[in-house]
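Given two chains presented individually in distinct reference frames, assemble the corresponding complex, making use of the accompanying hints.
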Amino acid sequence: MIAGDSPRWPDLLHALWRTAFAAGSTKVFAKELYLGLLELPHVRGVLGARIGPGGDVLVVRWADHDHGVTSGPAGLAEDVAPWVARSARLATRDVGQAKVAVLGVDELSSFAPGLGARVRDVGGTAVVAASFRAAAGDNALMLLGLAQTPADDEVAGALGQVADVVIAADDRIADQALLDNRLAADAVLAEVSLRLARSLDVEETLRAVVRMVVPALADGAAVHVHRDGALVQIATAHVDARRERLLNDHLLNGRWAGVTSKDHDENLPQPSLLPDDVGLELMTSAVLRARGRVLGVLTFFHRAGVRRTPTREFVRDIAARAALAIGNATLYGERRAEVEELQLHLLPSVLPELDGIEVATGYNVGGHLLDVGGDFYGVVRQPDGRFTALIGDVCGRGAAAAAVTGLARHTVETILEVGGQPDDAVRLLNAKMLRNKVGKFLTMATVTFGSAGPEGLPIRSLTAGHPPPMIVRRDGRVEETTCRGQLVGVVASPSLTLVDDVLRPGDCVVLFTDGLIEARDGAGAFFGDTDLETTLAALHDLPLPEMAAALVAGDGRYVVDDDAAVLLLRYRGPRVLDVVLPADQAPAAALAAVRSLGGSGVPDELTAPPSGGDVAVTVDGDGSWTRIEIRGGGRTWWEVL
Amino acid sequence: MTPDAEQVVLVVEDSDEDREAIHRALSRSHPELVLEFLPDGHLVADRLRDTGLPRPVLVLLDLNMPGADGFRVLADIRADPAPRVRDVIVVVFTSSTTSSDTDRSYEAGADSYVYKPVNFALFRTVLQGAVEYWRTNGYARPDAPGAAVR
Numbered sequence: 001m002i003a004g005d006s007p008r009w010p011d012l013l014h015a016l017w018r019t020a021f022a023a024g025s026t027k028v029f030a031k032e033l034y035l036g037l038l039e040l041p042h043v044r045g046v047l048g049a050r051i052g053p054g055g056d057v058l059v060v061r062w063a064d065h066d067h068g069v070t071s072g073p074a075g076l077a078e079d080v081a082p083w084v085a086r087s088a089r090l091a092t093r094d095v096g097q098a099k100v101a102v103l104g105v106d107e108l109s110s111f112a113p114g115l116g117a118r119v120r121d122v123g124g125t126a127v128v129a130a131s132f133r134a135a136a137g138d139n140a141l142m143l144l145g146l147a148q149t150p151a152d153d154e155v156a157g158a159l160g161q162v163a164d165v166v167i168a169a170d171d172r173i174a175d176q177a178l179l180d181n182r183l184a185a186d187a188v189l190a191e192v193s194l195r196l197a198r199s200l201d202v203e204e205t206l207r208a209v210v211r212m213v214v215p216a217l218a219d220g221a222a223v224h225v226h227r228d229g230a231l232v233q234i235a236t237a238h239v240d241a242r243r244e245r246l247l248n249d250h251l252l253n254g255r256w257a258g259v260t261s262k263d264h265d266e267n268l269p270q271p272s273l274l275p276d277d278v279g280l281e282l283m284t285s286a287v288l289r290a291r292g293r294v295l296g297v298l299t300f301f302h303r304a305g306v307r308r309t310p311t312r313e314f315v316r317d318i319a320a321r322a323a324l325a326i327g328n329a330t331l332y333g334e335r336r337a338e339v340e341e342l343q344l345h346l347l348p349s350v351l352p353e354l355d356g357i358e359v360a361t362g363y364n365v366g367g368h369l370l371d372v373g374g375d376f377y378g379v380v381r382q383p384d385g386r387f388t389a390l391i392g393d394v395c396g397r398g399a400a401a402a403a404v405t406g407l408a409r410h411t412v413e414t415i416l417e418v419g420g421q422p423d424d425a426v427r428l429l430n431a432k433m434l435r436n437k438v439g440k441f442l443t444m445a446t447v448t449f450g451s452a453g454p455e456g457l458p459i460r461s462l463t464a465g466h467p468p469p470m471i472v473r474r475d476g477r478v479e480e481t482t483c484r485g486q487l488v489g490v491v492a493s494p495s496l497t498l499v500d501d502v503l504r505p506g507d508c509v510v511l512f513t514d515g516l517i518e519a520r521d522g523a524g525a526f527f528g529d530t531d532l533e534t535t536l537a538a539l540h541d542l543p544l545p546e547m548a549a550a551l552v553a554g555d556g557r558y559v560v561d562d563d564a565a566v567l568l569l570r571y572r573g574p575r576v577l578d579v580v581l582p583a584d585q586a587p588a589a590a591l592a593a594v595r596s597l598g599g600s601g602v603p604d605e606l607t608a609p610p611s612g613g614d615v616a617v618t619v620d621g622d623g624s625w626t627r628i629e630i631r632g633g634g635r636t637w638w639e640v641l
Numbered sequence: 001m002t003p004d005a006e007q008v009v010l011v012v013e014d015s016d017e018d019r020e021a022i023h024r025a026l027s028r029s030h031p032e033l034v035l036e037f038l039p040d041g042h043l044v045a046d047r048l049r050d051t052g053l054p055r056p057v058l059v060l061l062d063l064n065m066p067g068a069d070g071f072r073v074l075a076d077i078r079a080d081p082a083p084r085v086r087d088v089i090v091v092v093f094t095s096s097t098t099s100s101d102t103d104r105s106y107e108a109g110a111d112s113y114v115y116k117p118v119n120f121a122l123f124r125t126v127l128q129g130a131v132e133y134w135r136t137n138g139y140a141r142p143d144a145p146g147a148a149v150r
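Line by line, the protein sequences give chains A and B. Everything in the first sequence is counted per this note's numbering, starting at 1 for the first residue and increasing by one. Everything in the second sequence is counted per this note's numbering, starting at 1 for the first residue and increasing by one.
Everything labelled a hint here was simulated from the structure, so no lab data went into it. Just so it is clear, the structure is predicted and the values come from calculations on it, not from any experiment. Heads up, some of the hints might be wrong.
[Stated by the list, open to error] With beta-carbon atoms standing in for the labels, derived distance ranges:
id, chain 1, residue 1, chain 2, residue 2, range
1, B, Arg84, A, Arg335, 52 to 62 Å
2, A, Pro113, B, Thr136, 22 to 32 Å
3, B, Asp40, A, Gln585, 55 to 65 Å
4, B, Asp40, A, Arg557, 30 to 40 Å
5, B, Asp69, A, Gly633, 35 to 45 Å
Heads up, the beta-carbon is just placed ideally off N, CA and C, and yes, glycines get one too.
Pulled out of the complex, with its shape left as it was, chain B reads as follows (with noise of 0.2 Å):
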């Protein structure tokens, strides 16, 4: 048997606020998370390839970030030799509904479209929604190596 463990989730998001609703909405429900946060999508590559740190099961993606946008880093994750890298959970966490950037965010490899509202109530239930799918599916892509969708 394995103890539970804790879990890493990155979390790459620019906004001081957003970073602490995501951290509120998050620690109380799923306390075997362990939310790590990028205020820059330049540094998620480096961060994901690091060995000597533990992989992120998930990671929750800003679309609008000065410098590297998210579809930007989302590419270059996608692109990304190491399975380490390529394989890892992306939900493109936005406060964008249009379809366009939806469908460049499929296109680009997310895991997820979520919509990021105001509220915080709803903020918080959209973002425990989405984490636990992801948990309930043991945080694997369906197209990755060994993975299934329960």
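Only chain A is shown next, with the shape it has when bound in the complex (with noise of 0.2 Å):
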């Protein structure tokens, strides 16, 4: 029977057709090809093989009937090699794309006796051998074991139909490939830029850089940014944990090429010079450049005769991605130290010291932002006595509102400290906005302190267009004040509607910025719209800076990403006790004072923490409300009573 003539061969053939066309690799039609092949007469055994450019045996498969069909059966290739180093002197004939060699098994043994006692294993006496090109410069060699030598030429025309199918189908698959590797390429950009635009962790996000190629684009990758005038290995990456241990450790003991900030070396495939256990021969590097400055250097490692490495153009852009988020970074932090270090100038650096009257303050920096804001406090002595806290936010942001902060704040802090009314100094500071022109508007808020007297201490609150300072009790009810009042800096005169209040011992007056109530949570909702009142009743025991620092950080529930301030006066009544102590004094001495404001209910003892040291103890109060605060260590401890 002939091949041409086989009633199966033809049905084989276009089975073979539809598989090569559907497959992703030629692996998925071997074992169709290499089985329909053993069907042509008097085939005994099937070689297949893949040969590089430069003659190396890639990839090697087996097939007979008694084993079906294996790839790289051990020393398959090194008995295929002899054929390839002889193949260009022996005698072919063309078949379509492919040429055609036909040989006795003692021939074949003469040059390549491993080969030649493979096909006589299975009862072969000759050859028909098939030579093609494969794709990415290979070559393809089919080569069939027969029971005899052919008579005609159909199994050389089968050779050469399945040359066709194997060309037809390796150009496919090399095109899906290259397609592939650009997709992959484009979408390692594209999460890249994603990851490089959400983040200002330089670092990290260098480490997600270098993650994300490997595999995809590398075998390896690291990542190196100059610092303090040296390059600093900030990541690698190798999908094998143990050989990305072994890289990490060689590139920082300096075993590898190293890496280059020249132009001339980018993307060109060099030796990496790593040791041989990491398994990674080239190296392709990048600079990371941004704004004229080098920054740093991105290297991708590839095994020798990889197929698959990034483009030119891959790699320069993803370096100019991941440099410009670097420089980009690198302002944010150097901007936003400035911010912080010039909003820090707009305010107090030191509350004066109050008696009977203990401040805190908070203060929170919008988050993202890199203009100076608006919100400023203080608080100040008065010649007769009295003192005067307020506070104030100018609207806008940056210099312009910057420069009205100052203005203000310093206006009404040197009208007050001379002896003027609250009122006036607003009045005053209101005519000088419009006269200048400033352009800009502020809201303020004050609460002035008068002198204690029976009924307790005395207050007047005033509001500008701010939010009206709030009274929480020393039992947790929360009052806002009932001032009114317009913003300055708008109309020429301005109506302020101030309103009195009394203290008394534990009452705590609070001042705060709209950064605090526009937070919001999770769900959306406003910190001041339903809870603010709530949390300051909860938190209204606190020692006053862990409440100032809770009300700034949002509570916990609340994220404050604006400017927010807030400044907190409890009126703690004459204050008793006063002392630095060893700790386990400290509760005795406390107790002492308590009774000595001759109240009712004063405990047998006090549960305070045991502490090692000396602590520092206040009791502050009268006889209807008593504070205790003892420090040390770090943390306060507080009972109220």
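Right, here's the structure in full:
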């Protein structure tokens, strides 16, 4: 029976074409191909090999009737190598796209004894071999071992047809791989860009970048950045954890070609000079450069002979994006530090010590903002013994807002310091802003504290378009003061309605800016709408600095992402004890001070937490309310009686 | 000679979409692989210990799963006394690129930590690259007895 007349061969060939054109890899149709060739007359064994441009045997498969198809059986590549070396001298003829040679097994064994033995082992006495091109500069060999020398051209013709199928499929698979590679590169760029745009943490982002390119586009990757005049290794990646550790270690210890910042070396694969154990013989480097500054080097590592390497355009593109992100993050960090420093200059560095009053402040600089905000606060001691707490907020951000902030705080504080009333100070500031055509407005609130009497400590509150001051009573009740007034810098004569209240020991005045009440929770609700009073009530017993810190942190439930200032003043009443003692003596001393006030309900002992060393003990209040605080070891224990 | 055999890859992944994507990514490029899916980390140890079933050549492990998360599963695999469980290749395949997750995975004994991208073309390339790496290294852990990295 001859091949062309075989009733099965046309069907097999047709099925092979269909399989080959749906396959994502030659492996997919290898079994069908080899078993189909075994159906040809007198065929006892089938050899397939893929040979690289340098003559290396890259892939080998063998099939025979007893064992089926086997990939890469031991020794077969070595057995094929002599054929590759001899093939140029073999007599061949063209059959389609293939060059076909026919020779007896004795001749085969004379130059490729291993291959000859394999053919003999399956009962072959002759071979028909077809060589043809494959994708990426490779060559393919299909060799049939036959039980007899073919009498005609039909087997050679069948091999020529197989060569057509393999060449077409291989080209299509190679094109698809190229397309996949480009799609992967585009996808890496897109995902890296998204990541870079989302984060200002440069090092974490660079770690993510090297993780994202391995193994999609490189077998290994590393990134170094300039820091303090030296290149510092930030991250390495390899698909194999063990080799990632080796790569990291080799790079840190200089066992490689090293980074370079020279343009002419960019993107050209070069020997990595890494030790063999990491298996990365080549590398491609890309300089990270932004705004003319070299920021670092991104390096991709590859195995020798790897087919998939990133293109020059990809390497440059990803390096440019990473560099720009580093540059932006660096500039952001510098600008952010300047903003925070300037913001602090607009606030008082020290608040005055006030008899009977405890003061605490909190300030949050907007998390994502690069301009100075206009929030300010202060406490001013006045000539007649009163003092006034003030808080304000200039509209807008940036240098202009900062200038108005400075003008406002110092104008108002100066007027108060020389004995002026808060409403006079607000009106004078208003006139000055309008006269100088400042073009901005501000809001402000003040609370002036008088002299304590038998009824308590009188206060007078003012607001000029600002959230009114709040009073948190010592029992946790929260009251908003009823003062009202128009904002500063808009109308010639703002209306201001001041209001008087009285504080009892333990009551606390709360002044804040709108950044606090406009903080939102995860559901989008404002802190100030429903929760501020509840929160103040819950926090009212805390040591005042802790209460201020909790408020500007949104009490852990609201995100304060704008500037927010908080000024808290607690009327603590007379201070009856202020000493530093060994910790074990503190509870007894505090209780003795409480008893001296003559109040009822004084406990027999205090359960203050143990603390080594000395502690500071204060007792404030009167017979109806007393607060004990014991501070030591960075912690504050308190009790309200 | 041993004929080409099918090899089992155990995919531990709770997301239906990701399981489908993994199947699509590997079915054409690695037809010799039989993908076996587990939606829950609790089932991994019993499956690996089951000598009545083929030993997987590789475990593809998601990190973030309800119940036993990937870190727990990984630690349990490496702590198992049976070599067929303890020495299996584990590739962590996760959408996280945070260095803390990478470090934790390596400390727990991951052989690979591979980023799981959103884009399918990249997803396929990454997954094929990781599987191909371990295939060419004989699906053998370098630290396991008798194994060697090629």
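Consistency of the hints with the structure:
1. Arg84(B) to Arg335(A): 52 to 62 Å: Check passed, 58 Å falls within 52 to 62 Å.
2. Pro113(A) to Thr136(B): 22 to 32 Å: holds (29 Å)
3. Asp40(B) to Gln585(A): 55 to 65 Å: Since Asp40(B) and Gln585(A) have Cβ atoms about 60 Å apart, the given range 55 to 65 Å holds.
4. Asp40(B) to Arg557(A): 30 to 40 Å: Holds, since Asp40(B) and Arg557(A) (Cβ atoms, about 34 Å apart) stay within the stated range.
5. Asp69(B) to Gly633(A): 35 to 45 Å: holds (38 Å)
Of the numbered hints given earlier, the model fails none.
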